[in-house]
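Chains A and B, in that order, give the protein sequences. With my numbering applied, the first sequence closes on residue 306, and no number is skipped along the way. With my numbering applied, the second sequence closes on residue 1323, and no number is skipped along the way.
Think of the hints as simulated: they come from the structure by calculation, not from any bench. No residue lacks a Cβ here, since even glycine has one placed at the ideal position from N, Cα and C. No false leads were mixed into what you were given.
So, partial list: chain A residues that the calculated Cβ filter (under 7 Å) puts toward chain B: (1) ALA102; (2) MET290; (3) ALA291.
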Amino acid sequence: MQTALLIEQLLNGLQFGVMLFLMAAGLTLIFGVMGLINLAHGSLYMVGAFACAAVAAWTGSFWLGLVASLAAAAAAGALVELLVIRRLYDRDHLDQVLATFALILIFSEATRWVFGSFPLYLDIPPLLQGTVPLPGGSQYQLYRLAIIGVGIAVAIGLFLLISRTRLGMRIRAGESDREMIAALGVDIRTLYTVVFALGAGLAGLAGAMIGALQSVQVGMGEPVLILAFVVIVIGGIGSIRGALLGALLVGVVDTMGRALLPWLLTLALEPSEAAATGAALASMLIYIVMALILAVRPQGLFPAGS
Amino acid sequence: MNREAVFTAVLCLLLLVVPVAAHFLGQPFYVTLATRIAILALAATGLNIALGLGGLVSFGHAAFFGIGGYVAGVLAVHAFNGTPLLFDLPGTKSMPLIWLAALLLAGLAALPIGAISLRTSGVYFIMITLAFAQMLFYFAISWPAYGGQDGLPFYVRNDFPSINTLQPLPFFFICLSLLALALLVFQVLRNSRFGAALQAARQNPSRLAAVGIAPFPIRLVAFVISAMITGVAGALFADLNRFVSPAMMSWQMSGELIVLIILGGVGRMAGPVAGAALFVILEFTLGGITERWQLFLGLILLGVVLFARGGVIGLVAGKVRHG
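Modelling step: build the complete structure from the supplied sequences, incorporating the hints.
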């Protein structure tokens, strides 16, 4: 296999990982601070993508769409938190799973109601349409590089937000002892709404950026949601650092597995058999990795608070 | 008799009488609907052993449901084509043999899955069981020998000695009998020494360990039994539709099984039956009224979680004595 192809796949893996990080960061914050399992996080990703597609089609500007995706997903997140989620914090995980499962049904059907069943398409903005030469002679899409850049920027921003600002201090305090910070006079309910909206906004941003690579359709959030759960479980629930490393690990392992496994297996098997087995193994690969990691470290790689 | 027992009796009576009445009124469709209720209730009864008694929130029981389904499908297709399966073993169209195979295979799969998953707890357990189910789901999708993502149809329903399974009503009675058997197993388990240990493992694992019983083997056995029952339900579900597809293993299916239990009432014997009946009836009536039935189903589910804790049976019979 050529180096150029390898580098390209590695970048694809990074891009996928960075996108997973945007989803996983919100999930892990929400779980770490509020102790809530949010299955509806994938719906917020979908809301972001639809908002971006609709606004981009209406105004002709992808950038306005991107802003709209952040705003719409954060607003939807805040609304859902106020109406539903805040009643679930002191319930057990079972009730949370059921309630957010119900929210998925509601979001999906409502979106289908508003936008119809046909997928929408979102164009890559002209500024980012070109390609960049890679060492080894091949070309790489500029847009995917931009996604990696945005992801890194968000990761740094989140890190600064959590370690350097007053809001971040409150989020960390909320993770370790919610009664105590409430007793110190912090409005814990508002803090929860803000954290939820922040996570939702990041999910919406991810949805909008991926919407330009794939089609924007109902149900696009759920596969990503499951992967984001894999990411936070591998990384250690509640840990942003774990989410980042877990996301990159999952993104790269998944992409490289799909590219390399069928090829590796041709060394041992017939070509047609190798293709089938390789594809089957590659799609199971990250779940195998997750099971292995959890079997060895049941709390994930970077348990929060360690 | 307390109110829960009365409710359960009425529910079981309705599940017996309504399909028979529908059959004699010439409405075989309702018999099929009731069969669907019985099969989903059977699958959820399996899960209820792990989830209700043991507090093990498995988000991957669709894997065992799907394994049962594929056992039925694969054996039936091999029997139909006359091709040998493995080691020159032929396929079969006999339901009891298929159930046995589904039971064993689901149990065999649950053993390593449970052994690894039970090292974790809480959300990690939810997610690792989900991961195992996804593994099998993607395996089923990308393995071309048995239909891959298109699924595997088999044209004739499997046989049961001296019963015509092609008729809706006899097939319904087969499913109902298995459901009754599973409910009996659930009840016997719950009141046994094993059941007491399992429920103690849910309530306080340290105290259970302190009296000299290790929680891990208890939970593992419960998980395996639970998977076996769900596996048999999967085989019946495949027979009902004469079709299996990876969708039976999808995470939505796992979610639906959990929903059935919570809707009916967690840890109650008749919880899965009430939940499955309500779910299928809601799906059917809402689907008849509006194309957007999922929206209203979601709203109703949300209402149940927020305002009717303890599910339908909780509403009717009051709070559980969490014994």
